[in-house]
Amino acid sequence: MRRSPILTLVYGLVFAVGLLTASSVAVSQRVPSAARAVPSTSPPPSPSPSPSPPPLAKVNAVWAGEVDGGGASLAISVKDGVAVAYLCDGKKTEIWLRGTAANGQLSLVSKKGEILTGTFGGGKASGKITGSGKSFSFTIATAEPPSGLYRSTENVRNAQVVCGWIRLANGRTVGICDNAGTPAAAPPLDTSRVNPINPGSPDLT
Amino acid sequence: MTLRLLWLPLLLGAAVSLTLGVYANLHSPTGIAVSVAGFSGPQPAKAWLATICLLGVIIQLISAFIMYGESAPSWIPALHRWSGRVAFLVAIPVAIHCLFALGFSSFDFRTVMHSLLGCFVFGVFTVKMLALPKHGLAGWVLPLLGGFVFTAFVGLWLTSSLWYFTTFGVHA
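These protein sequence lines are chains A and B, in that order. Its first residue numbered 627, the first sequence is counted upward by one per residue in this note's numbering. Its first residue numbered 180, the second sequence is counted upward by one per residue in this note's numbering.
Simulated from the structure, these hints should not be mistaken for laboratory data. Even glycine gets a Cβ: it sits at the ideal position worked out from N, Cα and C. Please note that a few of the clues may not be correct.
As the list claims (entries may be wrong) - Counterexamples of contact, computed for chain A against chain B with all Cβ distances above 10 angstroms:
| hint | residue |
| --- | --- |
| 1 | I632 |
| 2 | F641 |
| 3 | I741 |
| 4 | R783 |
| 5 | Q786 |
| 6 | V787 |
| 7 | V788 |
| 8 | P814 |
To be verified - With a straight-line cut-off of 20 angstroms between C-alpha atoms, the simulated SDA-like cross-links for lysine to any residue are:
| hint | chain 1 | residue 1 | chain 2 | residue 2 |
| --- | --- | --- | --- | --- |
| 9 | A | K754 | B | H350 |
| 10 | A | K760 | A | V693 |
| 11 | A | K684 | B | G200 |
| 12 | A | K737 | A | T808 |
| 13 | A | K705 | B | R289 |
| 14 | A | K684 | A | D706 |
| 15 | B | K313 | A | L635 |
| 16 | A | K684 | B | S207 |
| 17 | A | K705 | A | N781 |
| 18 | A | K684 | B | T290 |
| 19 | A | K737 | A | V788 |
| 20 | A | K737 | B | S284 |
| 21 | A | K705 | B | L205 |
| 22 | A | K738 | B | D287 |
| 23 | A | K738 | B | R289 |
| 24 | A | K750 | A | Q731 |
| 25 | A | K737 | B | T290 |
| 26 | A | K684 | B | A203 |
| 27 | A | K705 | A | N824 |
| 28 | A | K754 | B | G220 |
| 29 | A | K754 | A | G696 |
| 30 | A | K684 | B | Q222 |
Construct the complete structure from the given sequences, taking the supplied hints into account.
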């Protein structure tokens, strides 16, 4: 009886190690398909001198395009599985969403509760955004720099101005700046001054 | 006396928490891990397993409360042990998925809290388990350790399952 708490720990440890091993096996079997799902923005795998299986790349990707019907642009940027999406019509409709991209699935939410769900792989991402007055469905392709998602945050006269831009593959760019709650069309995107978004950045609203 | 009995459990518990935190930071999240059959995906599976775990720790709190009372029914200690084992058992696949597929996250307050609590809870649980068989501990030690485990698990559930259910809906 006195040993039973320790046995509980030991059984738990054995179970955990077993699950980790099974997960490692599952991942090593999934590597080819998972590698296909990661677009060309990730560096090509370098030949590894060690005999261990190559580590599976974390999801790093950018997709950009127009939503179905062409009413707005959408870009999704993913770094190490952390995803940021931005929907923008260049006039007054914009939605920032955050979440994850893993296992071929996108799941992001906005501050107001809009939800983006979808799938990715094979150089494109598709899904839908619901929860606001309108809903949007989309199928967008991998974006190569300089196309993609840009964001800047500045303090102007004690008010925070957050601007977002989506640059599409054809060069068309839409953007909106939010000045303390009031959205307006953004100035032209100056890529020498504004950087592509970093989804891991903690200052994202 | 209490410190002399507890230094080794505390050390091992700290090692568990640190190991989890370091592993979660260093291991490249894979996005996938072994999953549980019967669910539409790993996220709902985790949300429901964590909810079973939450039920277990609530039973833990109540049964512990009764055990410290005057006239506890004889089956209460067994209920306490077995609800604890079940809660621990179902928490493991959830934690392994977090560690292996997602890793330590810090992109918002919810994920930071969840990551920290997740590393903490298995460490303090280790301390609790190793402290249990010791004779001569001060009376406050086990309630305090149990309270940490309970609080951490509730915090973990709030920052994961509740978030999931309220964001994506209650479904399997």
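(request) State the violated hints by number, sorted upward, taking the hints as numbered earlier in the document. (result) Violated: hints 1, 2, 3, 17.
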